[in-house]
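Let the sequences and hints guide you as you build the complete structure.
There are 2 protein chains.
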Amino acid sequence: MKVAIIGVGLTRFGELWETSFSHLFVEAGANALRDAGVDGKDVEAIFVGNMSAGRFVDQEHISCLIADQAGLNPIPATRIEAACASGGHALRQGIMSILSGFHDLVVVGGVEKMTDVMTESTTQTLATAADQEWEAFLGMTFPGLYAMMARRHMYEFGTTREQLALVSVKNHRNAIHNPYAQYHVEITVDDVLNSPIIADPLRLLDCSPITDGAACVVLASERKAREYTDSPIYITGSGQATSTLSLHSRKQIPVVDSTINAAKEAYKRAGKSPKDIQVAEVHDAFTIGEIMAIENLGFFNIGEGGKATEEGETEIGGKIPVNTSGGLKAKGHPVGATGVAQAVEIVLQLRGDAKGRQVDADIGLTHNVGGSGGTAVVHIYEKG
Amino acid sequence: MKVAIIGVGLTRFGELWETSFSHLFVEAGANALRDAGVDGKDVEAIFVGNMSAGRFVDQEHISCLIADQAGLNPIPATRIEAACASGGHALRQGIMSILSGFHDLVVVGGVEKMTDVMTESTTQTLATAADQEWEAFLGMTFPGLYAMMARRHMYEFGTTREQLALVSVKNHRNAIHNPYAQYHVEITVDDVLNSPIIADPLRLLDCSPITDGAACVVLASERKAREYTDSPIYITGSGQATSTLSLHSRKQIPVVDSTINAAKEAYKRAGKSPKDIQVAEVHDAFTIGEIMAIENLGFFNIGEGGKATEEGETEIGGKIPVNTSGGLKAKGHPVGATGVAQAVEIVLQLRGDAKGRQVDADIGLTHNVGGSGGTAVVHIYEKG
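So the protein lines, in turn, are chains A and B. Going by the numbering used here, the first residue of the first sequence is number 738, and it counts up by one from there. Going by the numbering used here, the first residue of the second sequence is number 738, and it counts up by one from there.
It is possible that part of the hints are untrue.
Given that identical chains are not distinguished, each listed pair holds provided it fits within a single copy or across any two copies.
Here are the simulated lysine to any residue pairs, SDA-like style, with alpha carbons at most 25 angstroms apart [what the hints assert, rightly or not]:
1) Lys1005 <-> Gly777
2) Lys988 <-> Gln806
3) Lys1009 <-> Ile1100
4) Lys739 <-> Glu781
5) Lys1001 <-> Asp805
6) Lys1005 <-> Ile812
7) Lys961 <-> Gly838
8) Lys1001 <-> Gln806
9) Lys778 <-> Asp841
10) Lys1009 <-> Glu959
11) Lys961 <-> Arg1006
12) Lys1005 <-> Glu781
13) Lys778 <-> Arg1006
14) Lys1092 <-> Arg771
15) Lys778 <-> Asp1099
16) Lys961 <-> Met738
17) Lys1012 <-> Val992
18) Lys739 <-> Gly1089
19) Lys961 <-> Lys1001
20) Lys1044 <-> Asp1097
21) Lys739 <-> Ser958
22) Lys778 <-> His921
23) Lys1001 <-> Leu836
24) Lys1005 <-> Asp779
25) Lys988 <-> Asp779
26) Lys778 <-> Asp994
27) Lys1012 <-> Ile1100
28) Lys1120 <-> Ile924
29) Lys1092 <-> Glu764
FYI, nobody ran anything at the bench for these hints, they're computed from the structure.
Structural data, given as structure tokens:
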């Protein structure tokens, strides 16, 4: 498989009180089209990843709203929801739409408006990504679920509290060089360890923030891509998998088997293995999430992610730089947009456009998780 | 394009107080697999159409829940939302997944649980399919939007109140022979005209009901289909389009241009024209919806849908039987499931399995609308 990304665009991530839900998407989309040198009238379809506009802004049917607000009626627009993996799912559907022969050039984006919301609390809406009957209804929230994974990881593998903190420290350091990131502030291990406890052992600075934002990529068939650029980035692998929705049903608590299965499919389609990957954006909604991800993606052995982080293997300049964008922790995590924003970062890295945080890489990977690991989606990218 | 439907399954439609959201989907899916003679372990992916489980049952991330409850982890599962067109969108994504070469056999379903709901009123949640800023926030609901379309249709084309009622009378008559339908009761024009007014000129019996239910189809590549059946039904055309989300932005109020554009694409892909269609399921969420649909799909000239209905052209035995299942009005309208349930009915008709309501047809069509016409999706089916 081979589908090209010929343009990328973001909004600033953060608390964007003056920008409406639909305008977030339109802004990121316009940036992506400008980057690609594509005119709006040449877009054949839109795919939108979004978790919960229905609850956050009382608006379902958002694919239609976006096509309308972008002035792109009557082209088809399709919304995909998979909690925090909505963006990654949308990317996969966009890829399928091109490989199926339906389309040659589409915009895939993700968007979430999580501040200035209309119904209940943001945390309660995020909890609808967990199992309502067995988890959320009983009061469980995501910090609680990831805290249990962290505690078990520490118990089974000897992962330390400091190792968790180092994920956050690294990602904040990387975000300094990402102008679109929510936070531009360096933090220390002590800052993390002294931040308020949220769900033991996780503290405030182990948790990704609440964020407004959108991200878009312009996808094209190989043939179409050549009309616009001599140096497309190709998506050569895609994998998607499910696991149980509720954490207690999993065979192993500190191993995300959906990530393992999604990665297996993506590596197979791309004809690659973990050792081929030179830069990765992974799903660090909580610091323990990054540690499990780098293990489950095969970059390090199970149980050795904490140690690898401590030894600097995932730093820019390390064995495999992870979350050069700042990750969900410091770049911000507008849940539906995250999967697409990860793709944007890898494209910038492979193109050599990641100013200040640039790594030397020809092959990259994105890893996007829904809920506590009920869904995972992995993509692999290569320089054209 | 050519993708086969090799099995179909439904739940009973109605107020299903004893069946949970996920079990609705699992029941319809099991019925479809049994009908196809396919074992669960041979399913490669699931596509789910659903409008608003996030609000109705406080559960997003439902693709994962369904794969989990169906015992089908770790296969990928993807949720698509497009208001009342969610099912039709899911079908199109399932088709793309096969034509792209990603999969050979997938389950596409739709589901909605609209009774026994957790947040606010069902009508308020349905209104999130309209433009929140310009319509829903100001108190507009769907009966109101369709009432304006009906009033304008009557004004411009002379469509009569009785002609609207005849849509409902026909669809209730058809539903008598559909064991899965919500209502098995014949009604008269007088019943409609004397039913409580909802939004002038629409009355209670002009409106589709609130319904729980699910519908599934098993989709297969041509090659894979031959392993299971000698008589698949092929989907040979697919079209999807958007229009403005808000009704007041449309060029013409009583003409749904998204339907016209979606139909154009579907006819083109199938190499067919309106006169080739021998049976159709169209989106009669309100009686005026069916009249506009049969015009915009090209079965009758614009403005002549009411007259055609009055003359019996859309009855079983007429020029083009429409909504033999009972339609949304009498079969019921679990919004996310509707688009897939329409496909189920056309497959039953083309296979000759529509007992009591059977028509003579080799080519059929489904037409699924989101909101007041912001989205439309059309599929064309042919006997293998």
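Evaluation of the provided hints:
1. In this homomeric assembly, Lys1005 and Gly777 come within 25 angstroms of each other (Cα to Cα) only across copies, at 23 angstroms, whereas the closest approach inside a single copy is 35 angstroms.
2. For the homomeric pair Lys988 and Gln806, the shortest alpha-carbon distance between copies (16 angstroms) is at most 25 angstroms, but the shortest distance inside one copy (45 angstroms) is not.
3. For the homomeric pair Lys1009 and Ile1100, the shortest alpha-carbon distance inside one copy (10 angstroms) is at most 25 angstroms, but the shortest distance between copies (45 angstroms) is not.
4. Within a single copy, Lys739 and Glu781 get their C-alpha atoms as close as 19 angstroms, and across copies as close as 21 angstroms, so both meet the 25 angstroms cut-off.
5. Taking identical chains as interchangeable, the C-alpha atoms of Lys1001 and Asp805 lie at most 25 angstroms apart only when they sit on different chains, with a minimum of 20 angstroms there against 38 angstroms within one chain.
6. Taking the closest pair of Cα atoms, Lys1005 and Ile812 come within 25 angstroms of each other only across two copies (15 angstroms); inside a single copy the shortest separation is 33 angstroms, beyond that limit.
7. For the homomeric pair Lys961 and Gly838, the shortest alpha-carbon distances inside one copy (12 angstroms) and between copies (20 angstroms) are both at most 25 angstroms.
8. In this assembly of identical chains, the alpha carbons of Lys1001 and Gln806 lie at most 25 angstroms apart only when taken from different copies (23 angstroms versus 39 angstroms within one copy).
9. Only within a single protomer do Lys778 and Asp841 lie at most 25 angstroms apart by alpha-carbon distance; the minimum there is 13 angstroms, versus 33 angstroms between protomers.
10. For the homomeric pair Lys1009 and Glu959, the shortest alpha-carbon distance inside one copy (20 angstroms) is at most 25 angstroms, but the shortest distance between copies (30 angstroms) is not.
11. In the homo-oligomer, the alpha carbons of Lys961 and Arg1006 lie at most 25 angstroms apart both inside one protomer (22 angstroms) and across protomers (21 angstroms), since each shortest distance falls under that limit.
12. In the homo-oligomer, the alpha carbons of Lys1005 and Glu781 lie at most 25 angstroms apart only across protomers (16 angstroms), although the nearest pairing inside one protomer, at 29 angstroms, exceeds that limit.
13. Proximity of Lys778 to Arg1006 under the C-alpha cut-off of 25 angstroms is restricted to the inter-copy arrangement: shortest distance 21 angstroms between copies versus 32 angstroms within a copy.
14. Within a single copy, Lys1092 and Arg771 get their C-alpha atoms as close as 19 angstroms, which meets the 25 angstroms cut-off; across copies the closest is 56 angstroms, which misses it.
15. Taking CA atoms no more than 25 angstroms apart as the test, Lys778 paired with Asp1099 passes in neither setting, with 32 angstroms inside one copy and 37 angstroms between copies.
16. Both within a single protomer and between protomers do Lys961 and Met738 lie at most 25 angstroms apart by alpha-carbon distance, with minima of 15 angstroms and 21 angstroms respectively.
17. For the homomeric pair Lys1012 and Val992, the shortest alpha-carbon distance inside one copy (20 angstroms) is at most 25 angstroms, but the shortest distance between copies (57 angstroms) is not.
18. For the identical chains of this complex, Lys739 and Gly1089 are intra-copy neighbours only, at 20 angstroms inside a copy versus 42 angstroms across copies, given an alpha-carbon limit of 25 angstroms.
19. In this homomeric assembly, Lys961 and Lys1001 come within 25 angstroms of each other (Cα to Cα) only across copies, at 24 angstroms, whereas the closest approach inside a single copy is 29 angstroms.
20. Only within a single protomer do Lys1044 and Asp1097 lie at most 25 angstroms apart by alpha-carbon distance; the minimum there is 23 angstroms, versus 69 angstroms between protomers.
21. When the C-alpha separation of Lys739 and Ser958 is checked against a cutoff of 25 angstroms, the pair qualifies both within a copy, at 8 angstroms, and between copies, at 21 angstroms.
22. Proximity of Lys778 to His921 under the C-alpha cut-off of 25 angstroms is found in neither arrangement, the shortest distances being 37 angstroms within a copy and 48 angstroms between copies.
23. In this assembly of identical chains, the alpha carbons of Lys1001 and Leu836 lie at most 25 angstroms apart whether taken from the same copy (20 angstroms) or from different copies (22 angstroms).
24. In this homomeric assembly, Lys1005 and Asp779 come within 25 angstroms of each other (Cα to Cα) only across copies, at 20 angstroms, whereas the closest approach inside a single copy is 33 angstroms.
25. For a Cα distance limit of 25 angstroms, the shortest separation of Lys988 from Asp779 across copies, 23 angstroms, qualifies, whereas the shortest one inside one copy, 48 angstroms, does not.
26. For the identical chains of this complex, Lys778 and Asp994 are inter-copy neighbours only, at 18 angstroms across copies versus 42 angstroms inside a copy, given an alpha-carbon limit of 25 angstroms.
27. In this assembly of identical chains, Lys1012 and Ile1100 lie within 25 angstroms of each other by CA distance solely inside one copy; the values are 10 angstroms within and 52 angstroms between copies.
28. In this assembly of identical chains, the alpha carbons of Lys1120 and Ile924 never lie at most 25 angstroms apart, being 33 angstroms within a copy and 65 angstroms across copies at closest.
29. Within a single copy, Lys1092 and Glu764 get their C-alpha atoms as close as 22 angstroms, which meets the 25 angstroms cut-off; across copies the closest is 53 angstroms, which misses it.
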